[in-house]
Amino acid sequence: MATQDATEAEPPPATQPTSRSRAVASDGPGGDVLVALSRLPHPHLAPVGSAVPDGPLVVEPVPGHRLDELRAASGPFTEEETATVVVPIAQGLGALHGAGLVHGGPDETCIVVRVDGMPVLADLSTVQLGPGAARADLHALVACAVRLLPDEEVYVAAAVGPACLRSQLLALLDQEALSAQDVVDACFRSVDPTPLRRPLASCALEAPVAREHGAGPAAGDDGL
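6 is the number of the first residue of the sequence shown in the numbering used here; add one for each residue after it.
Keep in mind that the hints are not guaranteed to be accurate.
Using C-beta positions, here's what the derived DEER-type ranges look like [stated by the list, open to error]:
id, residue 1, residue 2, range
1, D197, V40, 37 to 43 angstroms
2, A77, G166, 27 to 33 angstroms
3, D37, V57, 19 to 25 angstroms
4, P46, Q133, 16 to 22 angstroms
Hints in this document: simulated from the structure, not taken from any laboratory.
The beta-carbon is built from N, C-alpha and C at its ideal position, and this holds for glycine as well.
With these hints in hand, go ahead and build the complete structure from the sequences.
Here it is in structure tokens:
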């Protein structure tokens, strides 16, 4: 397992939402997507609702820090920390895909770790109806995860074998058929996800990984 220490500047306190939100009337452009999202509550997808009865639906902001902010502040994630983020977000994407929606390519700017430690796919502005790009969503999540990890040179220097999380995730890109559960299983094959603790001005993040039926054992018995 490769790790890398880093002591960079902390990100700003998570006092303001960092996700993007948009207000769209249910009968306006994009309204069908928001209506579908409002019927798909999931702990790792930004909530969609209306501030007033029969008002326009909006993707609600998620207070916290984006993954790119956390990596810039504290350096590369360990494999255990990365799995702690990837498993819940893969489960959220699986819920989207099951409802006939696709995200369009999650990256480090789309995923927020809330102040209570829960990873959330916070930017849903690119979600569309249609099953065609589900595999592309998962490829984008894998690429995001690899970017969170230490650079390839660190793995080479440490002589880490193919069982490491980085290798397991990259191997998924060669699969002809890829599901969200495949991403979850690859994480559990490689590591025991551990609480995500990143030094922040406002809190220490702690996020046990959620488990769904068919997923491997997490570290301990806690779930989100």
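Hint by hint, here is what the structure shows:
no.	hint	in the structure
1	D197 x V40: 37 to 43 angstroms	holds, 39 angstroms
2	A77 x G166: 27 to 33 angstroms	holds, 29 angstroms
3	D37 x V57: 19 to 25 angstroms	holds, 21 angstroms
4	P46 x Q133: 16 to 22 angstroms	holds, 19 angstroms
Checked against the numbered hints given earlier, the structure satisfies every one of them.
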